[in-house]
Amino acid sequence: MADELNPESELHVQNGRGHAAAWIHEHSPRQLWRMAFREDRFFLILSVFIGVLSGLSVVCFRFAIDWSRLYLLGTGAVLTPMRMLLAPSLAGLLIAVLVIHLFPTTRGSGVNQTKAALYIFNGNIPIRTAIGKFITAALAIGSGHSLGPEDPSLQIGACLASLLGRKMRLSRDRMRLIAPVGAAAGLAAAFNAPISAVLFVIEEVIGRWTAGILGSVVLSAISSVVVMRWFLGSESLFRIPAVELKNPTELIAYAALGVVGGLASVVFASGITTLRPKCKALPLWTQYLQPAIGGLLIGVIAMLGAPQVMGAGYEYMDQAMHGQFTWQFLAILAGAKIVATLLSFVSGTPGGMFAPTLFIGAMLGASIGGLQHIFFPHLTGSTGTYALVGMGVLFAGFLRAPMTSVFMVLEVSGNYSIILPVIVANTFAYVISRGLQPIAIFDLLTRQDGLDLPSMEEQREEDVLRVEDAMQPADGPVLEGEKTLDQALAELDGAKNDDILVRMSPGGWNSVTREQLTQLAGEGKGASKLGSLLPIRQVPYLHPDHPLEMALRYVDRWPIVPVVSRADFRQLEGVVSQRAVLERYREFGEG
Amino acid sequence: MLEKQEVMASPRLAKYRFYLRQRPTLLVVLSVVTVLFFLSVTGLAKIYFGQRESLGTRWFTRGLADLKAANYAAAVTEFRTALLYSRDDYSYQLNLAEALIGLKRTGEASAYLLNLWDREPDNGLVNLELARIARQQRRTDDAIRYYHDAEYAAWPRDEENQRREARLELIDLLLQNKDIGDAQAELIALAANVDDQPDMQKEIGDLFLRAADYEHALAAYRTVLRANRHDETAMAGAGYAAFQLGRYPLAQHYLGLATTTDSKDIRSAQLLQTADAVLHLDPFRPQISAVDRSKIVLDDFAVAGRRLSTCPLPKSSAPGPNGSSSSLDDEWNALKSRMNTVGLRRDPNLADTAMDLAFRIERETNVLCGTPSGADLALLLIAKLHEGT
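For the record, the sequence lines run as chains E and D.
The working numbering numbers the first residue of the first sequence as 1126 and each following residue consecutively.
The working numbering numbers the first residue of the second sequence as 4 and each following residue consecutively.
Each hint can be trusted.
Quick list of the computed label-pair ranges, beta carbon to beta carbon:
no., chain 1, residue 1, chain 2, residue 2, range
1, E, Thr-1205, D, Ile-50, 19 to 27 Å
2, E, Trp-1410, D, Thr-60, 42 to 50 Å
3, E, Ala-1380, D, Glu-123, 37 to 45 Å
4, D, Ile-50, E, Trp-1410, 38 to 46 Å
5, D, Asn-74, E, Val-1556, 46 to 54 Å
6, E, Leu-1429, D, Thr-64, 31 to 39 Å
7, E, Leu-1407, D, Pro-124, 54 to 62 Å
8, D, Val-36, E, Lys-1405, 35 to 43 Å
Hints are computed from structural coordinates only; laboratory data are not their basis.
We treat Cβ as the ideally placed atom computed from N, Cα and C, and that holds for glycine.
Construct the entire structure; sequences and hints are all you get.
This is the structure in structure tokens:
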């Protein structure tokens, strides 16, 4: 009864009805349906489909590689000399014709093309590229060219994602992001390592951590790995040996492995960047022969006693990990694989660099492990541990993906105790490679192709200007908002600055000009508190560690912006002005 | 007319197009495409794995034939090829490991075996092979552990025999390492689990002999002889076991049979000689007359004297029975004058005193000059036989 008479109660009821109506409207099937298909959510759903389709494609790609190996190189583990020579050469001829006439965009590994789709082509990659990559890379790897299936898988995934994005009429922003989503799915399925794939795509293709894409990349990578494992099983690419660090002094051997791996990376990268443009500059008719000649030379290497260099070589990495080769032969295999991969890659044969990189690393690692075992048998862990660390070393040194390299080894080995050797060795390799070859291999290849894509490594190491770099001490006194206008004017006596900062109470900052203060005093408001006389909209403040770009948002509207301590927002550290910010940028630009 | 139809159709087409372009519709289409793709890949996978399986089996069969023919190098290549098509196949890996063991590449073999062990820790053959490798590499503790596992593991066929084989190898290893206690325990367990099969019993008997468990050894050989009375090895083994147990009449019996059956059995012949000597020189054996006993005591005393002359003992090397510090030589000389048939008849304790001295002389000279032979050895064995009586 009382409620009915109470107007406030009536209002509550009305408000309640309003909320309920709004809730019902928001949760109506139509609204829920619309929300589910909002682009950001739809993108997540699409990521799962991209993952599944990429996974299926990668499974088919694996089948294709194996079938082409069976029919070109034979069913036995020991190859006949005739097949060693003929298979890669004849396949090379066919690949050259296909690449020149049908699939010109399939040259190379595919990582840069995916990056180009993100930065240049608004996420568009023609599906023809995927088809071409599938056929040519399967032929190349299956016939014994020293290349791997991971980068092509990455590109096939990116192509599929791009196709789906186009068909689903995604916005331009989403289209740009969709290629990396597919790339992560393709790589994850090829490598059976979702974490490494996600990290690689973020580290090398996207170049930054953004929450908007991370979820999609992870979803697609996981779905593709699930599909791949459904068909091919969950086993790793090689049997993982017992991983152990026997003695802390062993870290010296791992450091040596890092040094050797770093130098090998530089040799490998230099070889590619030197020979590739020379091969490309040769007359067009030679392009038909280059993959065949590369294949023939690989066949010769195989005939000379190193058939292990043919193809991706995962089974031989497995054998190296389990101590089935002598350290001398392992070292020879590492060198031979560098030569073989150079021949395949610079001749324009489509295929990936991941597997050869891992192969070289595994052989170098196992070789150093074997050598160490001879001199310090009681201080050395298993050869397999060295091989695993070696893989990470080349990944860090050659592909220059230090974070991915660490996680890749952890993910592949499934053993956390390997982390210390991996970090030690990878750091040495990365530093040496970075020192001797400042530009990463993928960036060099992009520049050779005439593209200017952002270099993730350079971005990572670029100097960032901060507010503290343009900050200056406050010129003149800082007024307190609690004081009266007369007191404030008295404080200003003798000060020369026109723009004055006011510290408000209980928090915040404001600014006022000398002229405004004089005008307010003339209006007879001298006894009023300064804070009450100023406009409600306060001056934003910055902290010294903020990027300087942030100051640009404010300095055109406020002549001076306070820079305050993070511990006490009332404590002024300095001020920034538009002039000071621009001056700092000018100095920075001049180097 | 046509134009009119087109005009009529176009709004309908536009409507269809509109619905086809809607995201839910596209998603349904995408799902259908995905399912179809999935089914196609499933079919493809069946063909792919079927082909690989047949290739794997083909190479595996070749490998088995080469392994059987001890052509290990070819077998390794063939099993490796088979593994290309089925990397995780248990029997491919196991056979590859065996071929590698054949090539003495135990490091590689153990890598495969350890992998198999991780997958099936209770596989008998894997445990047995790992034990053998560990034994070769002198990792005794590992070897014992794997042998134990092999004993209680599952075997695909002929489980009892395989387990027995594993136990026999373990016993051999334990005996090699002089771990007699554990070896005896394993042997007793083994003996309890085998039937009266002569060959097995003979092997068990031999192992019991090596483990110095003569009682069980004798029992095992007797079981063999019950099945085949003419088994020379069992006769010799039983004779040896009885000899070691101090049952010289029994030893004499078996050793006699053994030497009669196999005249080339030198060890049995020597043991028989000793057993004969023991039985001949033992004055404490039952059912002999006082005269014969006196005669034997006199003979034993003389044997001990001769031993003293060939192996002179230092003065006061051992205290006499009364705690005196005179040498055994002095004691022997002191007793010599009383040692005759009359003296023995007059003094009923003289025989015991003389035999005690003879035993002490044999023991001391055994320590100083090494194990004797012939009558001295017999006397020493008699001393051992009557120790504490």
